[in-house]
Amino acid sequence: MTETATLMRTESREEQDTKKLVIMAWSGDLDKVWPTLILATTGAAMGQQVTVFFTFWGLFPLVRNDVRVTGENWMQKMLSLFNRGGTEHLKLGKMQFAGMGPRMMRKLARAHKVASPQELLELAQDLGVKLVPCQMTMDMLGLQREDLIDGLEEPAGATTALLDAQGATTLFI
Amino acid sequence: MTETATLMRTESREEQDTKKLVIMAWSGDLDKVWPTLILATTGAAMGQQVTVFFTFWGLFPLVRNDVRVTGENWMQKMLSLFNRGGTEHLKLGKMQFAGMGPRMMRKLARAHKVASPQELLELAQDLGVKLVPCQMTMDMLGLQREDLIDGLEEPAGATTALLDAQGATTLFI
Amino acid sequence: MTETATLMRTESREEQDTKKLVIMAWSGDLDKVWPTLILATTGAAMGQQVTVFFTFWGLFPLVRNDVRVTGENWMQKMLSLFNRGGTEHLKLGKMQFAGMGPRMMRKLARAHKVASPQELLELAQDLGVKLVPCQMTMDMLGLQREDLIDGLEEPAGATTALLDAQGATTLFI
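The listed protein sequences derive, respectively, from chains A, B and C.
If you count the first sequence from 1, position 109 lands on 109 in my numbering, and the numbers rise without skipping.
If you count the second sequence from 1, position 108 lands on 108 in my numbering, and the numbers rise without skipping.
If you count the third sequence from 1, position 25 lands on 25 in my numbering, and the numbers rise without skipping.
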């Protein structure tokens with residue numbers, strides 16, 4: 001192996017480290033979706049190669065806002081009734097205040113020019129952030145591809161996520 | 001230092017980065033234990049060197065399923081009464097539905113051939129995942145070594161976790 | 001590029017990897033503030049260069065203990081009433097027991113010589129841990145610089161956090 005080859009390997013590794021951001025988006029709460037999408041879009045705007053893996057509750061914000069009930073059996077349907085998907089229906093992880101909390105938080109965000117989850121999601125897509133739904137969760141929670149918004153990558157699993165995470169800044173949110 | 005030495009260092013670093021997965025398992029909720037163990041076993045199956053540090057609430061899933069009350073003083077005992085340990089007694093972080101939630105989730109998982117936490121824990125051990133309980137939490141929450149399942153590493157602390165995290169994909173779940 | 005240069009780059013990269021710990025502290029709950037500050041101070045004591053970015057609920061533990069209400073409009077004020085800031089007023093993420101939980105947990109910690117959040121925060125500052133409040137959250141939640149404790153870095157945003165995270169062990173807590 002020549003010095004050049006060594007150098008190339010070192011450079012390629014450096015490139016990997018400095019340019020990749022992988023977020024495992026597990027939570028579907030408004031107050032977690034915000035940092036997920038703010039970090040993802042900021043990373044992409046900085047030239048990082050960003051991938052967000054949406055898993056478990058994190059999949060629900062990817063549900064189309066006009067889809068009401070998802071799931072094939074009563075358990076999955078009940079779940080979606082109590083936890084409606086879509087960026088317009090997100091709840092807070094705490095301080096729910098009987099629904100007042102999320103509305104207040106969105107109002108505060110608007111007043112301070114913080115983009116809404118919906119705007120950030122569209123911005124992420126414009127900036128080339130890869131949005132990957134977790135296949136296993138989709139199966140388990142009864143989410144069909146057509147329940148989810150357009151412009152997502154093919155559903156994938158933990159192996160893909162872990163491969164992508166190699167040499168990346170990786171966050172579980 | 002020779003070119004070979006440089007190369008070796010580069011390789012050893014690469015080995016570190018691509019082959020290590022460190023998870024700090026803070027939560028004992030069913031919906032967090034699942035991704036923890038799915039990522040850990042997937043990583044190990046891919047040939048990664050995987051370590052899971054169990055800390056705080058994360059320790060409770062490691063309690064033996066036949067142990068009812070843990071702790072030495074009334075506070076620790078009360079804690080264990082309201083938060084029974086063991087893979088069979090995990091709750092959901094949200095959507096508890098008076099206990100229905102976890103049962104529903106397990107049923108959905110079974111229907112879609114997602115392994116149970118107990119199966120994943122055993123698989124992790126078979127695959128050589130290192131399961132390390134946090135000593136400080138054990139002391140604080142009154143968990144004795146004999147309250148926990150067999151096959152764990154020696155209890156350790158934050159220093160060990162941070163050393164292990166160097167050059168690894170690290171997730172706080 | 002000479003072999004020495006290659007070596008230097010490799011070393012500088014290694015230095016980066018092994019010596020940086022970046023924590024994004026999103027939660028203001030007692031049971032998350034503890035691991036955040038224990039990891040931060042342990043890392044610093046081990047010679048790592050540690051930065052903690054406090055964002056969203058994570059900002060509230062940085063509020064001065066003698067400040068009661070924060071915020072400029074009624075929404076922000078209401079938020080601070082229900083979620084009082086300061087290390088002395090932290091709640092647990094679960095097991096609140098009508099306020100009993102945090103008190104019990106602090107008592108257990110004291111009995112086992114685990115430092116309090118306040119002590120750990122001061123220790124972190126003594127050890128040179130950089131504590132950075134998130135500017136966007138401060139604006140949104142109505143937190144002024146004078147509401148927060150002394151000794152913090154200048155407020156910053158996601159770009160700074162992601163730049164700092166490059167080559168570091170990064171945790172989202």
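These are calculated hints, taken from the structure and not from any lab test.
Because the structure is a prediction, the values reported are computed rather than measured.
Among the hints, erroneous ones may be present.
The list treats identical chains as interchangeable, and a pair is accepted whether it falls inside one copy or across any two copies.
[What the hints assert, rightly or not] Taking lysine-lysine pairs in the DSS-like style, the calculated list, with each CA pair at most 27 angstroms apart, reads:
{"#": "1", "residue 1": "K107", "residue 2": "K94"}
{"#": "2", "residue 1": "K130", "residue 2": "K19"}
{"#": "3", "residue 1": "K20", "residue 2": "K107"}
{"#": "4", "residue 1": "K113", "residue 2": "K94"}
{"#": "5", "residue 1": "K91", "residue 2": "K113"}
{"#": "6", "residue 1": "K77", "residue 2": "K107"}
{"#": "7", "residue 1": "K94", "residue 2": "K19"}
{"#": "8", "residue 1": "K91", "residue 2": "K130"}
{"#": "9", "residue 1": "K113", "residue 2": "K77"}
{"#": "10", "residue 1": "K91", "residue 2": "K19"}
{"#": "11", "residue 1": "K20", "residue 2": "K77"}
{"#": "12", "residue 1": "K20", "residue 2": "K94"}
{"#": "13", "residue 1": "K20", "residue 2": "K91"}
{"#": "14", "residue 1": "K130", "residue 2": "K20"}
{"#": "15", "residue 1": "K19", "residue 2": "K77"}
{"#": "16", "residue 1": "K19", "residue 2": "K107"}
{"#": "17", "residue 1": "K107", "residue 2": "K91"}
{"#": "18", "residue 1": "K94", "residue 2": "K77"}
Going through the hints against the structure:
Proximity of K107 to K94 under the C-alpha cut-off of 27 angstroms is found in both arrangements, the shortest distances being 17 angstroms within a copy and 25 angstroms between copies. Taking the shortest Cα distances, K130 and K19 sit within 27 angstroms of each other both inside one copy (14 angstroms) and across copies (24 angstroms). Proximity of K20 and K107 under a CA criterion of 27 angstroms is satisfied in neither setting, with 33 angstroms inside one chain copy and 37 angstroms between copies. In this assembly of identical chains, K113 and K94 lie within 27 angstroms of each other by CA distance solely inside one copy; the values are 23 angstroms within and 30 angstroms between copies.
Taking identical chains as interchangeable, the C-alpha atoms of K91 and K113 lie at most 27 angstroms apart only when both belong to the same chain, with a minimum of 20 angstroms there against 30 angstroms between chains. For a Cα distance limit of 27 angstroms, the shortest separation of K77 from K107 across copies, 14 angstroms, qualifies, whereas the shortest one inside one copy, 30 angstroms, does not. Taking the shortest Cα distances, K94 and K19 never come within 27 angstroms of each other, neither inside one copy (33 angstroms) nor across copies (34 angstroms). Only within a single protomer do K91 and K130 lie at most 27 angstroms apart by alpha-carbon distance; the minimum there is 24 angstroms, versus 32 angstroms between protomers.
Within a single copy, K113 and K77 get their C-alpha atoms only as close as 36 angstroms, which misses the 27 angstroms cut-off; across copies the closest is 19 angstroms, which meets it. Proximity of K91 and K19 under a CA criterion of 27 angstroms is satisfied in neither setting, with 32 angstroms inside one chain copy and 37 angstroms between copies. Proximity of K20 to K77 under the C-alpha cut-off of 27 angstroms is found in neither arrangement, the shortest distances being 37 angstroms within a copy and 39 angstroms between copies. When the C-alpha separation of K20 and K94 is checked against a cutoff of 27 angstroms, the pair qualifies neither within a copy, at 31 angstroms, nor between copies, at 31 angstroms.
Taking the shortest Cα distances, K20 and K91 never come within 27 angstroms of each other, neither inside one copy (29 angstroms) nor across copies (34 angstroms). Both within a single protomer and between protomers do K130 and K20 lie at most 27 angstroms apart by alpha-carbon distance, with minima of 11 angstroms and 24 angstroms respectively. Neither within a single protomer nor between protomers do K19 and K77 lie at most 27 angstroms apart by alpha-carbon distance, with minima of 40 angstroms and 40 angstroms respectively. In this homomeric assembly, K19 and K107 never come within 27 angstroms of each other (Cα to Cα): the closest approach is 34 angstroms inside a single copy and 41 angstroms across copies.
Proximity of K107 to K91 under the C-alpha cut-off of 27 angstroms is found in both arrangements, the shortest distances being 14 angstroms within a copy and 25 angstroms between copies. Proximity of K94 to K77 under the C-alpha cut-off of 27 angstroms is found in both arrangements, the shortest distances being 24 angstroms within a copy and 16 angstroms between copies.
In the structure shown, a violation is registered for the earlier hints numbered 3, 7, 10, 11, 12, 13, 15, 16, in ascending order.
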